[in-house]
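Asks: Sequences are here, hints too, so could you generate the full structure?
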Amino acid sequence: MKEYLIYLAQAYPEFRRAELESLADFFGIPLDMSHHNVERPFIIVTLENDEQAKQIMKRSILSRGIYELWGQGKTYEEVHANVKETSSDRFGIYKESSFKFDFIAYKGSRSNNERMEIIQDFSYLAFEGGVRMKNPDQIFSVLEEYNVNGMEKASEPLHIYFGRQIQLSARTENVLDKYDLRKRKYIGTTSFDAELSLVTCNIGQVGPGKVTYDPFTGTGSFLVAAANFGGLPIGSDIDARALRGKGEKRNIQANFKQYGTSLNFLDVLTMDFTNNAFRQDFGIDTIVCDPPYGVREGLKVCGAKHPEKAEGRENVVIDGEKAHLRRDFIQPKKPYELSDLLDDLLFFAAERLPVGGRLAFWMPTANDDFEVNQIPQHEQLELLYNLEQVFNKWSRRLLVYVKRDETYKGETTNGLKSQNIKNFRVRYFGRFTEESR
Amino acid sequence: MKFITTNFVKCAIKGCQSSTEAFPLKYEDCQLAQEEQEYNPEFIAHMLERLNWPAIIQVAKDLGNESLPPTKPESLDPIMEDDQAVLRDLHTLLLETQIVEGRMICRNCEHVYHIKNSIPNFLLPPHLC
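Chains as they are written, first to last, in this note's numbering: chain F, 1 to 437; chain D, 1001 to 1129.
Keep in mind the hints are simulated off the structure, nothing from the lab.
For every residue, glycine included, the Cβ atom is placed at its ideal position computed from N, Cα and C.
All the given hints hold, so there is nothing to weed out.
Here are some, though not all, of the chain F residues that point toward chain D, as calculated from beta-carbon distances under 8 Å:
(1) Ala240
(2) Arg244
(3) Met271
(4) Asn276
(5) Ala277
(6) Phe278
(7) Arg279
(8) Gly283
(9) Arg327
(10) Gln331
(11) Pro332
Covered stretches of chain D (chain F as the covering partner; in silico rule of three or more C-beta atoms under 8 Å from a C-beta of chain F):
(12) 1013 to 1027
(13) 1040 to 1046
(14) 1112 to 1126
Result set (DMTMM-like, lysine to aspartate or glutamate): computed pairs, CA atoms no more than 20 Å apart in a straight line:
(15) D:Lys1014 x F:Asp340
(16) D:Lys1026 x F:Glu321
(17) F:Lys249 x D:Glu1035
(18) D:Lys1014 x F:Asp281
(19) F:Lys246 x D:Glu1035
(20) F:Lys322 x D:Glu1110
(21) F:Lys74 x F:Glu85
(22) F:Lys2 x F:Glu21
(23) D:Lys1116 x F:Glu321
(24) F:Lys300 x F:Asp344
Replies: So, in structure tokens, the structure goes:
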């Protein structure tokens, strides 16, 4: 076992641990992150080898890179002493390798001269392979963490690490730029942020060859994110317009072409999730979605809003053909409660996912009346993560469940229903006032 | 709608849930198009494991293709020449064949679904929800 230093991204710190744990678990790698501190940019973890470090880091969105830790300390004297004490047997391994030094000053800054001086002090490593700035065999990194108090920048680092770079993250390799919505060919008002859709797929353990289903696809934000990790995305939506797009160059297929993942893309279907057409034994490995909680559009499913008025319409005949079987028939929609939809989603996941398969979805909650029991539960699904992204008066939560086998007995509950929590849309447009409760 | 998707969907009506007739649907009046896809034999071999072969044969027949082997080709090896040809054919059929327009009919309840602009529509009228 070896110590590795992970340089974390300063984005969604509450989600970082969940992402790395999920990736490690996906690759079958034991990883203890219980000492993770959301305030700190660095964490030291223990792994068996570099291969494990590479596997995890290659997919990470909320980390920047991983380093084999050679030493650390509060001052450079401490660092050098620590490196010599714990890593001197490593010096020889890289004696002949070409190399360069990299310098990271988190929330601090160092002039080029200062950097050169610091790097010079590592000359006891006695590498002879020569410095190469482009594609060196090894990159050695000095990583400094500074403490920032208000506007004042600290002149001396709080802590210093030294290590060998093993793998930079997907984030550092610019995956966020690639999937940036502003550069995507086809987007819509419901398109989901690229960063968080990639994070959702990582925590949902989307992987190569795994069928990934988004029942509320819209413009397919989660589908392209899933394909990025080798998943086989399939989506459905009750609204055919979003699935169809705006011509050949601006639709879901065009997005897959843009990202070079057309082969992974399975298909999209116009479908009401609550009247599902997937055959019972079609293997769905992962479900990732952002259910339509109805801020932009009210939540709807197929059915008549006023059943008494719709009565007998199934007998209407046009040109000798039953009206509801014609190509141009528009299936009426009726409003539906979020609490019911979430019940349906959990039930579906419990029924269709393989043991160990994950369901990851977003749920909005009003901050003034949120209680933890509003998070829906199903007896076959264990809630692994409840990750909160806080806005002013409301939050959205990424809820991640894993399907367990028969020996697991959870409880099926739905606090939204039992506490009669109003549809989120009502609260949202009521500006979360008391009257809107 | 890709040909392969016909292997994933059945009648959406709850009353047909337990009927063996509700899958696969019957494909009628279909307008097909070929859309080129990158050929990846490993991908096809992997997908094959997920497929219900009798349903593939049935839908292919609906669409006028009766040349498929009666049993699922197993353990295809992309290096073998004979297997290579089978994988190529499957690639063309499963991934490159698009149903652009057409009707899907449940053999159990006879409900008609439409494929419009390459997207199958499984929305149900109120009396069937």
